[in-house]
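Top to bottom, those sequences are chains D, A, X and S. Residue numbering for the first sequence follows our numbering, starting at 663 and increasing by one per position. Residue numbering for the second sequence follows our numbering, starting at 663 and increasing by one per position. Residue numbering for the third sequence follows our numbering, starting at 663 and increasing by one per position. Residue numbering for the fourth sequence follows our numbering, starting at 663 and increasing by one per position.
Among the clues, some could well be false.
In this list, chains with the same sequence are indistinguishable; a pair is considered to hold if it fits within one copy or across any two.
Distance condition first, Cα-Cα at most 25 angstroms in a straight line; then the derived DMTMM-like pairs of lysine to aspartate or glutamate [as the list claims (entries may be wrong)]:
| # | residue 1 | residue 2 |
| --- | --- | --- |
| 1 | Lys874 | Glu804 |
| 2 | Lys826 | Glu963 |
| 3 | Lys998 | Asp739 |
| 4 | Lys874 | Glu732 |
| 5 | Lys874 | Asp884 |
Since the hints were derived computationally from the structure, they do not count as laboratory data.
Number of protein chains: 4
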Amino acid sequence: VTIRALTFHGKGDVRVESRPDPTPPDQDGAVLRVERAAICGSDLHLYHGDLPVPETGFAVGHEFVGEVVEVGSAVRDFRAGDRVLCAGVIGCGACAPCRGGHVVRCERRQTRVFGMSGALPGGQAEAVAVPGADHALRRIPEGVSVEQAVLLTDILPTAFYGAKGAEIRPGQTVAVIGLGPVGLLAVECAQLFGPARVLAIDRIPERLARAKALGAVPVHADRAAETVQGLTGGVGPDSVIEAVGADATIQLALQLVRVAGVVSVIGVNMNFAFPFPMPLALMKDLTFRIGICPVPELWDELVPLVQAGRLHPENVFTHRLALSEGSEAYRIFDEKRDGVLKVLLDPSR
Amino acid sequence: VTIRALTFHGKGDVRVESRPDPTPPDQDGAVLRVERAAICGSDLHLYHGDLPVPETGFAVGHEFVGEVVEVGSAVRDFRAGDRVLCAGVIGCGACAPCRGGHVVRCERRQTRVFGMSGALPGGQAEAVAVPGADHALRRIPEGVSVEQAVLLTDILPTAFYGAKGAEIRPGQTVAVIGLGPVGLLAVECAQLFGPARVLAIDRIPERLARAKALGAVPVHADRAAETVQGLTGGVGPDSVIEAVGADATIQLALQLVRVAGVVSVIGVNMNFAFPFPMPLALMKDLTFRIGICPVPELWDELVPLVQAGRLHPENVFTHRLALSEGSEAYRIFDEKRDGVLKVLLDPSR
Amino acid sequence: VTIRALTFHGKGDVRVESRPDPTPPDQDGAVLRVERAAICGSDLHLYHGDLPVPETGFAVGHEFVGEVVEVGSAVRDFRAGDRVLCAGVIGCGACAPCRGGHVVRCERRQTRVFGMSGALPGGQAEAVAVPGADHALRRIPEGVSVEQAVLLTDILPTAFYGAKGAEIRPGQTVAVIGLGPVGLLAVECAQLFGPARVLAIDRIPERLARAKALGAVPVHADRAAETVQGLTGGVGPDSVIEAVGADATIQLALQLVRVAGVVSVIGVNMNFAFPFPMPLALMKDLTFRIGICPVPELWDELVPLVQAGRLHPENVFTHRLALSEGSEAYRIFDEKRDGVLKVLLDPSR
Amino acid sequence: VTIRALTFHGKGDVRVESRPDPTPPDQDGAVLRVERAAICGSDLHLYHGDLPVPETGFAVGHEFVGEVVEVGSAVRDFRAGDRVLCAGVIGCGACAPCRGGHVVRCERRQTRVFGMSGALPGGQAEAVAVPGADHALRRIPEGVSVEQAVLLTDILPTAFYGAKGAEIRPGQTVAVIGLGPVGLLAVECAQLFGPARVLAIDRIPERLARAKALGAVPVHADRAAETVQGLTGGVGPDSVIEAVGADATIQLALQLVRVAGVVSVIGVNMNFAFPFPMPLALMKDLTFRIGICPVPELWDELVPLVQAGRLHPENVFTHRLALSEGSEAYRIFDEKRDGVLKVLLDPSR
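For reference, chain D alone in the conformation it holds in the complex (with noise of 0.2 angstroms):
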């Protein structure tokens, strides 16, 4: 038996392709029937080729959910028919770090995201294997819909990680950089925390729109220097969100940051040489702040608030296609087609 995958094959290359039925991975592991995953922009770094990969062929992608099909014989929590979300981003789900949910922490040093090389396949495809089936799944809470329950597995909890980051405090002025999928669900964290006003800076209309939407002011990335300069006073933002990932967005995050300020970068950047303005810096009194987000350590917290309506991460998804549309869906995303914001595949179809 065989199920469709969306798959790797180099740069500029995904395609549908068919691969073996999985199998739990271990004795703790679980499999999948995938019901909706989304493309994500560290997809794209992929993608573009730059990320060093030692083979191609492996199933791509780390934002699905799904049903439960099969369990290895250790699974405690969880069933067949159970409709789950899964982490993005998983350990090794023994040590005690990552019983506690802090994945990135994990002390056997297996941290890892799904669909990055073949040795964990990813879950833009039909069906998916999950090693560490009690520590990666959680059961889709009521209240919770599938489209949310998408964005739990990673770019929800990566921008209130974001914000934490940030440490944001009632009363400040927040900027956040980069108004794509992340930095939009950046905008709605940050407010979580209190702040008076959350700068917003892109050049693209629609998502300034949207981020003033969420009761941000919006800021012309052209002039983002200029403008929040004044709309503070000279003094600058007590912390800043860079969603973008690219060398000149960090360093305007590090430009704009007011003295004794956070820079917290979720964006992700691969330059092992960034220019890091050092005297900058230390006159700056700065915090600065970079990683991965340990997705099922934020759950408890994101839940709640979902189920409550206080934060709607559904409406980053501007796309609803089917997997057999897999390679179309990259080329939209990644060339920022249509209005495209965040797509999302319909294994079914």
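Given chain D, put chains A, X and S in place with the hints provided.
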């Protein structure tokens, strides 16, 4: 020359009387012509005769804003003509904590409230003398209305202080007991910390409706325990803000709060032997907070929130009366007549 | 087959008796052959008849270490032959908080202490049954002695928890009231937070001398208030750790602590109507903490400190007796005879 | 009348010269007769010609204590005859942050260091003018020696700031890179936060021996990475304090620190394009801090620790020379000759 002032003459007896024109109490002091003053719930403790006072006949009131008419020779930051708000609680103004705005920690133990004795006459009057003007006053910030400014002198900071003390984190559930003016502002301030839910407890339908309009879940006080248990799956809210000050409502807070939770008391309770249930607290792993709000310490956080329209404290004013109607104003407020929530007095009338 | 156990038969009556050999209480449980057990101050609450017990005749004691002799079929992390310490306080072992070591927050409300009723017999015995072994036990870490391990089961975490709850920051002054074994360990743990001074209050000269040897300033309880006032320039200590549990000592803590300070109670007080002085607390802007220590949650912090020789909790043991001397051991401990501080029992004798 | 001062004349050239007797720079200023001054590692940046200076000939040095000989008319807290220490970094002294001691956050952007340009001549001189005396100065506290006071002007607060920024919690492992005077004080300050271990990295045997005497584990810089890996089971220290400022040592810090750890840089690095390894930081979930220490903000914490004998910063002084030997003093310090750690100058000689 004389001014009119609302003065205290014993239990239930406040009257408008003439008093000598105030002069700056020392070289660091100032005199304000009062534009607006409000009656506070803690004024009722005096009105009810619950506070020991060595004398009577002094002007009452600690919530007021006005125009500076005279300053002492050593005042640096203010001059005649400045429109200012005045902290209801002040310290010596000279020690390190006072300079930093932490007046409650005054090292000379001179933390005092206006209008509670003849030593520091209050501001429900045409004019009032303010010691330590550089530390007690703040210019009414641009974008802050007179009515908002009055609330910045005491109850908005108090409500915010209670919410901070509750240590609310995003996604949590917080309960607010008592929806008088302070309690309703506590609901508004609690929302700044990103809770999934604010459970607002009172028995007056109009107050419950106001809390609901602020995004809270209204809970009738007559069935508070069962309702809150039900809404929290038997666990209890992560924190409780108590805004009444009665023994029974503080007991309710201790009963409701979840294990490892926080009870933050901003209601004023004068019981020197409040029957604290130690074994319950022990099993709950409790943090219990109670204190006078350090008003000036909180302005930097609150002013931008008011300016940005994130907080609308002015909605608590239901009655706007002339100073000449002061006796009646106290009766209305005390008896909770006419749907009263908060009373504003105009000393020019 | 039977084992010998120290059993409770009513006020002042504990005896060594035979009991059936324990078996694992469930598939997640284990049985330990006890190597050493200690008597805790909270055992005296039982001994004094202060706790309601539906029955008598059960084995007492919640501080013990030993060797695993049998495990249930679902135990993952332990096997026969492992030398382990066991948390004196346990939860269900299955809910999310319990898995993370936060047993006090057990969602199934199964937080229990060994040896306080027949439902969970204690470990002052030759052998003891432990439910939820994977979460209650920890292998005795390399570099930790048996006697240190016994203290990691309860009173060292409790003392550390009290010090954490006191929120001590470098340069501050902290007072510790009561220099029994928990109080002396609290002095030692308080030093981890960099206070300028630890003021240690008791009336037993030998205990004061021990505190002094730990770097504290000894203060005689008979003149605690004046001495502490004098030493702090009339301001009071920034925080107070109460390690007695009597009404009078908790009142002393509230009286001593400075404005905006913290009182952290680790003494066990069973007064359901402790006369809490609200007006005093109000003027003090108080944070008051009281709770049962979540033992396993603290092991990750404490074990490295013991291994590195930063903490020497074993110094509290003054008496090492045979289990057969258990009745006498309780009397010595209860009557504070013979300079007793902490009693260790050897079940092999 | 003139004074003697150590003045800067270009790379490697400092000389004792005569300068006019200083007068208070404004009505808020004061003049000190300097009792002792120290040479700081950051003075070497100037000495090496690494800092842009528009002019030469100004007096150098920002670490000094002395006696007030003259005050401006508006100075409140000091008068002639007071023996004081002076913050090496000052702000405008008038804005809210400056009043609270947070001079780095000066709203008028007047954060400046003494002796780095002719605009604010330094204190390696017989006398020095101090603007904003009420905020820059503090009376030398009782129980603090002159040499300790000199260290309170800059490097002890800096070391403490680095340790605070490292967010050390009890039981953790912290590494300190560089055991010059600031690094050794950072070792001492790190101990205030209760780490299980401080790993102290340098290559000079005498400095490693000093760190060991402070309770640290000495680690030779030539095999730092392997040694630290070995000591931490391959995990890395929870935090790293960098006290050198070289590119290589900052890279080492980033390499050593564990996942979810903190790198706190107190060494001064002037590279505007430091090659920051973003992918490494991303995988490490890094917090990176760098900043100028807000000296006066830290006095309240440090003074009691020095008074209580918990900190002995004066041990870093290895050389006590006359001001007239200033040129030679710089050479010794720069060349790390004669086992030099820190040089104290006596302007009376």
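Against the structure, the hints come out as follows:
{"no.": "1", "hint": "Lys874 / Glu804", "result": "between (30 angstroms within a copy, 23 angstroms between copies)"}
{"no.": "2", "hint": "Lys826 / Glu963", "result": "both (11 angstroms within a copy, 18 angstroms between copies)"}
{"no.": "3", "hint": "Lys998 / Asp739", "result": "neither (40 angstroms within a copy, 50 angstroms between copies)"}
{"no.": "4", "hint": "Lys874 / Glu732", "result": "neither (45 angstroms within a copy, 45 angstroms between copies)"}
{"no.": "5", "hint": "Lys874 / Asp884", "result": "within (17 angstroms within a copy, 42 angstroms between copies)"}
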